[in-house]
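Place chain D on chain C using the hints.
Protein chains in written order, with our numbering: chain C, 20 to 167; chain D, 214 to 380.
FYI, nobody ran anything at the bench for these hints, they're computed from the structure.
Pairwise CB distance ranges, derived in the manner of DEER restraints:
{"#": "1", "chain 1": "D", "residue 1": "Phe372", "chain 2": "C", "residue 2": "Arg131", "range": "17 to 25 Å"}
{"#": "2", "chain 1": "D", "residue 1": "Pro361", "chain 2": "C", "residue 2": "Asn49", "range": "24 to 32 Å"}
{"#": "3", "chain 1": "D", "residue 1": "Leu359", "chain 2": "C", "residue 2": "Gly105", "range": "18 to 26 Å"}
{"#": "4", "chain 1": "C", "residue 1": "Glu46", "chain 2": "D", "residue 2": "Val327", "range": "22 to 30 Å"}
{"#": "5", "chain 1": "C", "residue 1": "Lys89", "chain 2": "D", "residue 2": "Leu325", "range": "37 to 45 Å"}
{"#": "6", "chain 1": "C", "residue 1": "Arg153", "chain 2": "D", "residue 2": "Leu325", "range": "49 to 57 Å"}
{"#": "7", "chain 1": "C", "residue 1": "Leu68", "chain 2": "D", "residue 2": "Phe372", "range": "17 to 25 Å"}
{"#": "8", "chain 1": "D", "residue 1": "Asp234", "chain 2": "C", "residue 2": "Glu98", "range": "55 to 63 Å"}
{"#": "9", "chain 1": "D", "residue 1": "Asp228", "chain 2": "C", "residue 2": "Glu46", "range": "55 to 63 Å"}
{"#": "10", "chain 1": "C", "residue 1": "Arg131", "chain 2": "D", "residue 2": "Met357", "range": "21 to 29 Å"}
Every value quoted in this text rests on a predicted model; they were computed, and no experiment measured them. Note that the Cβ used here is the ideal one computed from N, Cα and C, for glycine as well.
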Amino acid sequence: MRKKTISLIVVLVALMFAAVGVASGVERVNVEVEVIYASNQPHPTEPSLSRLKIQLQSFNFTSYTLLEKKRMVLSRGNEGKLSIPGKKYLKIELEEVIKGQVKLKVVVLDRRRVLLTTMFRISPGQTVLVGGPRYESGTLIIAIKADF
Amino acid sequence: MNCKRTQRFLDRYLDGELARDASLSVEEHVNGCPDCGEYLKSARSTGRIIREAAQANHTDLILSDRAWDSFKESVNQKERLFNAGTLINCWRWLAFYPRPIWASAIAATALLVVFTTAGMVSYQGSKNIHPVVEYVDSPSSQVMVLMPEQSPVTVIWVFEKSDAQEG
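Isolated chain C (complex conformation) (with noise of 0.2 Å):
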């Protein structure tokens, strides 16, 4: 009888840690970063950016096109790197997961000089654009994603 309390509160124990795991232990994050080229040349938008369209309508631009596209498999301590056109390039990394976000660092680099060091909070679904940097003669804008 002794015995099989002390194995049932195990088991039930187990359940509870479990049910915990499943609620909150998010290990991995995919994100999805695209680098799109802003520009007001007479081109048209690219298709393949119709998903961004909404959200691109909050600059007065007139053509984008999209440059590069990278999934990352992030998890915590290991940084995503990306080359960005412009002998720029881009670092994230996951800082934590809380209540069904993930926090993100982003730093964008020109060559060695920092232009931009970030931390933001993302739900699944949500796009962070970070736009700012010249490239050519339009500005670059970097679309970043995260699903878990």
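Chain D alone, transformed into the frame defined by chain C:
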């Protein structure tokens, strides 16, 4: 099954109220345990004495019509209470189940599922429309953070020096 547990179930065993598995466990233990065997024998003989006494004096036990109606009403009332709702029925089932530890386990698991589900729902409910920027810094440029109303997006815009100079 040990002696203590067997003796606790013995009355219900004699009255035929135990489930088949539990009855078999009692019989198995009683067959191998002289003390419990003696206890069962004694309980059986006590039961027989009571039954015989009741049969011998059965004329004294005949109830008046009024007392009989009252007794039937009392039984009906208990039945109505018992059928009042599924929850009460479930609780009675759990409370009278031969192994209360399993009843506790089922109740604890149900509570765990309820709390976990509630937690997940509250996570979904507390979502912000826009991603939240906690920190932003640029050593050589000005930075602006925008959260446009028309789209669920957060914009971090870096004004490079040439931009600022151009105005």
